[in-house]
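**Student:** The residues making up each chain are set out below.
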Amino acid sequence: MKLVIAIIQPHRLEDVKKELYKADVNLITVSPVLGHGKQKGVTELYRGAKETGNLLRKVRLEIGVNEDFVEPTVKAIVRGARTGNIGDGKIFVLDMSRCVRIRTGEEGSEAIG
Amino acid sequence: MEAVINSGDTAWVLASTALVMLMTPGLAFFYGGMVRRKNVLGVLMQCFTVLCVLSLQWVLFGYSLSFGPGNSFIGGLSWAGLNGVGLEPYADYSATIPHQAFMIFQAMFAIITPALIIGAFAERMKFSAFLVFIVLWATFVYAPICHMVWAVGGFIRNLGALDFAGGTVVHINAGIAALVMAIVLGKRKGYENKPMPLHNLPFTVLGAALLWFGWFGFNAGSALAANGLAVSAFVVTNTAAAAAGLSWALLEWKFNGSPTMFGTVTGIVAGLVAITPAAGFVNVMGAIVIGLLVSVFCFIAVGVVKPKLGYDDSLDAFGVHGIGGAWGAIATGLFATTTINPAGADGLFYGNAGLVAKQLIAVGITVVYCFVATFIIAKVVDVVMGLRVADKDEAIGLDLTQHHEVAYTVLD
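Protein chains in written order, with numbering that gives the first Met the number 0: chain C, 0 to 112; chain Y, 0 to 411.
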């Protein structure tokens, strides 16, 4: 089991969701986050004064998957999120030691799906 | 007519002017709540910029072009810089208040009309292009239409068509311009003929409340006197807004399963739009019918026609103001009665079919002129400087890319 975490551009979320549904990945958790990579965020003005290095809005996805679904999930996110510009984001894949479905108490692979 | 200043009339027109001024910030919040959170400052900024820029345009030359002596199509520049527009009454427009009181009351109409169009190009128009567009539009579309409908010697005014508070000048005019802008600009990225998520519905409700409040100045103030006609306009304005808000909620309940807050405030604004041309000519029963039916027409325009035709009028400026304004103008031809306003005319239901024809001609001229002139202005601005922001900027949002500000923080 793996936990796929992706940081993407907020406006790519709808496309990423579409690609994930196509890959038969239907379980997803989304949260708004702030961050920046190499491009060092954006400039903001406060009554005319410049402030640089502000964080950009991003969206973070968390998806728990069985081994068979790792590649399709990663590829779907890349297809949906890529614009070719700086700031498209990152995908992290982590080992996941345990997964429990709260409603039934099921564990492991069955609980993910 | 003997020109003597009446203190009650002057006080009411000044108070009405302040009420109408508040409608533009009200509209800013009405629209601001409807856009995505990355664009809310863009909308607020556009509305307030209209207030700043067109307040100046109006006193410098806008008022002169709209109401000054000229031909039947447009006024001249003899009143530029308010030259000759003083504190004595100008009897042709308002015999009992200072000329400048009439001028500043009309200024607020000239400001809110272009602001209404913002609803059509929200979330994708470049700020610099917006600035140039509104000045050109106020000068070459608003001024001539206003002159034709309201000024002495105006072509539509001479036809005998009735427009009490701006159904053609304000709402049809802004509504058609909105349709043109939605077509010329094209859809927002990611728009697939279904609504984009709105980010703050309570803002929209607050905005609608301010619009309803301000509309008493808009319509009852258009009597230009503290008299019975102002009271009648006030009463029918409130009645039509209430009927339309209720009507929209009931339509949603019947066809979509539940009445919504968004639908109710949309209906209220549609009702206010529709009663605007009729406010000084219809009785309260007429107002109820106008209000109940405007929601039916706008509900169909927004919910059925727009998705089918596929243009992206982001916040339904055409669907509410264009359609609601056209219904109001035609309804004035149906329900107007000289028992309310002896200076008006009787409509179809009071035995005078001719008025409907005059109303239709007035609507037709406004639609055609506004459509063509707005289209030309939009294309010229597009060629010279580009109307739309870059795709990347549209994705990040207008707040950060056009103004380098954000409305909301995520942390703290």
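Bear in mind the hints are in silico, worked out from the structure with no lab data behind them.
Incorrect hints may appear among the rest.
[To be verified] If the Cβ cut is set under 10 angstroms, some of the chain Y residues that face chain C in the computed set are:
id, residue
1, K37
2, N226
3, K391
4, I395
5, L410
[Stated by the list, open to error] Among chain C residues calculated to face chain Y with C-beta under 8 angstroms, some are:
id, residue
6, K1
7, I4
8, H10
9, E13
10, P31
11, L33
12, H35
13, T42
14, E43
15, N84
Predicted model, so just to flag it, every value in this text is computed and none were measured.
Backbone N, C-alpha and C fix where the C-beta goes; we use that ideal spot for every residue, glycine too.
**Student:** Run the structure past the numbered hints and jot down the numbers of the failing ones, going up.
**Tutor:** Structure breaks hints 2, 6, 7, 12.
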